[in-house]
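J.: Sequence:
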Amino acid sequence: MAGTGGGVDLNDRDMEGVNGEAAEVRKGAAVVRRRPWTAVEDAILKEYMNAHGPRDWKKVPGNSGLDRYGKTWKSCRLRWLNHLRPDLRKGPFSAEEELRITQLHALDMEGVNSEAAEARKGAAVVRRRPWTAVEDAILKEFMNTHGPRDWKKVPGNSGLDKYGKTWKSCRLRWLNHLRPDLRKGPFSAEEELRITQLHALLSPLNREK
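The sequence shown begins at 1 in the UniProt record's numbering and counts up by one.
Quick caveat, the hints were computed from the structure, so don't treat them as lab data.
Okay, derived cross-link-like pairs now, DSSO-like style, lysine-lysine, Cα gap no bigger than 30 Å in a straight line:
(1) K153 x K184
(2) K184 x K152
(3) K58 x K90
(4) K168 x K153
(5) K140 x K153
The whole structure should be built from the sequences, with the hints applied where relevant.
T.: What follows is the structure, encoded as structure tokens:
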């Protein structure tokens with residue numbers, strides 16, 4: 001690759017070398033960050049924290065000199081909180097502590113289960129809520145435009161999912177209440193007679209005779 005304007009010429013092999021060196025530097029930095037803490041580093045962090053306290057963790061590596069050992073502020077914070085702070089208790093829990101932990105865990109799980117039950121109850125109430133005039137208008141407009149093709153897509157495509165409506169609810173609402181060819185009101189005398197005749201004709205008792 002030719003350079004221009006007095007720049008440095010770098011061919012593909014040179015670029016591979018540059019990229020390889022950069023990768024090695026990143027790898028080396030990661031190894032330094034993952035290296036276990038030494039007694040010297042612990043002593044430096046203890047002395048700094050006892051003198052200044054946990055104020056601004058992001059300044060700790062630079063102000064204490066731990067940045068020269070490859071320590072980040074997160075590493076310093078975790079080391080102090082989980083290993084070095086004076087009030088840290090180590091060793092197994094006592095019997096009383098084990099019992100208290102078990103009780104608190106059970107109490108916490110009761111709260112979690114109660115919240116989950118309330119969420120399910122709330123969702124069920126939303127699904128059972130009667131249809132409003134606005135929701136009817138949305139469903140009517142959508143069905144008049146697109147027709148009853150794929151009911152499972154109706155709530156999402158029409159926006160009725162935001163009102164808690166399922167595809168089954170939309171389908172039943174349309175078929176039983178909103179479709180234009182739906183006839184409402186009492187049956188006529190002729191319809192009543194026809195229903196009676198068909199019921200008598202199709203009754204299982206009559207078919208057995």
